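Novice: Residue strings, one per chain:
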Amino acid sequence: MIAADASGGAGVLDWVLRVVDWAVADWSHPGDPNRGILPRLLEHMRLAYGSILIGLIIALPLGLACVRWRPVYPPVLTGVNVLYAVPSIALFFLMLPYTGFSDWTAVVPLALYTLVILLPNVVDGLRQVPEHVRQAAVAMGFGPLRRLVFVETPVAVPVIIAGLRVASVATISMVSVASLVGLGGLGQLIVSEGFRRQFDAPIVVGIVLIVLLALATDAVLVVAQRLLTPWAHTGGGRTFRKKAVRAETAAAGDGTALEQGESP
Amino acid sequence: MITFEGAAKIYPDGTVAVAGLDLTVETGRTTVFVGPSGSGKTTSLRMINRMVEPTHGTIRIDGADIRDQDPALLRRSIGYVIQQAGLFPHRTILDNIATVPLLLGWNRRKARARAAELMELVGLEVSQAKRYPHQLSGGQQQRVGVARALAADPPVLLMDEPFSAVDPVVRAGLQEELLRLQQELHKTIVFVTHDIDEAVRLGDRIAVFRPGGELAQYDAPEHLLARPVDDFVESFVGYDRGVRRLSFFPARQLSLRQDVVFDTEDRVERARDVVEGDGEPWVLVVDENRAPLGWVDAAQLIDKPAGLTLGTLEMAPYGHTFDVATDSLRAALDAAVLSPAGRAVGVDDEGAVLGVVSQEDLGAAIWSVSE
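If you're matching them up, the sequences are chains A and B in order. If you count by the numbering used here, then the first sequence holds residues 1014 to 1277, one letter each, in order. If you count by the numbering used here, then the second sequence holds residues 12 to 382, one letter each, in order.
Hints may be right or wrong, so weigh each one.
What the hints assert, rightly or not - Below, a sample of chain B positions facing chain A; criterion: calculated Cβ distance under 10 Å:
#1 D81
#2 I89
#3 V244
#4 T337
To be verified - What the simulated footprint calls covered on chain A by chain B, stretch by stretch (three residues with Cβ under 8 Å from a Cβ of chain B suffice, anywhere in the stretch; the number is not a length):
#5 1146 to 1156
#6 1164 to 1174
Read the hints as simulated data drawn from the structure, not as lab findings. Predicted model only: the values in this text are computed from it and were never measured. Heads up, the beta-carbon is just placed ideally off N, CA and C, and yes, glycines get one too.
Based on the sequences and whatever the hints tell you, model everything.
Specialist: Okay, here's the thing in structure tokens:
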């Protein structure tokens, strides 16, 4: 890093200004919509959000099935974990012959990776619905499907969103790896421009924007949870809030494992 | 009327939860299923709304076999109150109560209006309508549970240990409330508990279950306490069943003594005349409104000069009183046991003393009902 050999605050400031200058100059190129930082940022968001959304769309019915038919869960969870052990870079290259350089090459593996967090959260969320609540629903005359849709799933929402928060941060970080197959959004700033040119401004801008995107996404999810589950935190929330927080901590634990296990 | 005809639940591994139950639950009355854990009382209750399907026998509600109806539809026509209330945490109090009406297809406005009515009926503040269950105390949650069960006005109400998760003071309040509601609504209530006191308090009829899912005795509470059919029932209803049974006999049948009740302005020699007549060891002193002040020991009266008023003498506390019109013999006995004079003070609704019960009279009354 240049900052390291700059002596004193003036050197650091100088460096920061240089990075900012670069970012502003290269933000977008009106003549060429595919060049610049903004298109990379938008691509990053598209790949990350697409993966998370598809992951959630798979995790919900899969989780419901795992709760409904208990013996299904252990093999499915093992399968998801094994899949996660496959390095993402390998999966990207494996996808290439089928999907070429389309978004799917990045989205399919990333969506599968989110399952390792989302599936256990959906299952735990549904399982932590207290037995007396479930039985009351049966006794009131809810059929199995109505019970799932109107009672069990809403009660599981805080735990599912907790998982979604961890999964989105992990995915936003992992999108960068796909730049090795020509995708990867902001990752391309780091890989292609940063490494090749021996120039640190693209790397720094890439990292800062990825972190900001992760923070912003997390904030949106926190707000979404507040709006979706007013019952979980109004007043001095007792049981449910505690359970959600516990699941969140558990999910955060998974997240650490995920980052350590990040194979590429 | 709910009839069990040889209803049994035997699991594939041979475990017997309920062994051939024959029993009729009367319409408009409260029937309590009581027994230790593993006696099949809850299983029997859940057979009524098909949360548990019997393996043998038949259950009918007003003659109709419950198996002829779709389980979900059947359940919407039967109120159900569960232990710990089982409220839906993501729905407001109002929407929790409106659950069954909404399932039945009422429009939202009508369902909520009905829910608000019920909040009042069970003694909840309407201002709590928009709150969520976790913001309520355990006792309030259970009231919501009762309101929710009553929302669609079902003729039958099943209550599965509804008050066992709240503290004794709140439980007593909820029991009181249920008795009041039942006087108004006349539902066919089946109530499960493991607490014989609760059973005796709430039940018009009590079914005692024994381990192994057998019905040991089915009787009115006073008969159950007076004549348990066997050793199991006797030990289950408790060694003090004789005393508890006294709660079924009104205190107004007691003969009260008024001649040992004196005013503060009455003179010592008047009291002395009375106690010397029959050896009564205590006299009660009351104020101008006839509220009790305390007991005066007859031994104190002997050497006091004539002309002294009773109000100036030392008094022993009178303990607590019993209401002659509404209390039972049990309350009178309790008042006597706790009184330093060994006598109970009977009062009217305003707390004015009507008279005192001597130990002899109390004993005679208890003896007469024990036969």
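Novice: With reference to the structure, classify each hint as holding or not holding.
Specialist: Now for the hints, and whether the structure bears them out:
{"no.": "1", "hint": "D81", "in the structure": "holds, 9 Å"}
{"no.": "2", "hint": "I89", "in the structure": "holds, 8 Å"}
{"no.": "3", "hint": "V244", "in the structure": "violated, 30 Å"}
{"no.": "4", "hint": "T337", "in the structure": "violated, 36 Å"}
{"no.": "5", "hint": "1146 to 1156", "in the structure": "holds (count 10)"}
{"no.": "6", "hint": "1164 to 1174", "in the structure": "holds (count 4)"}
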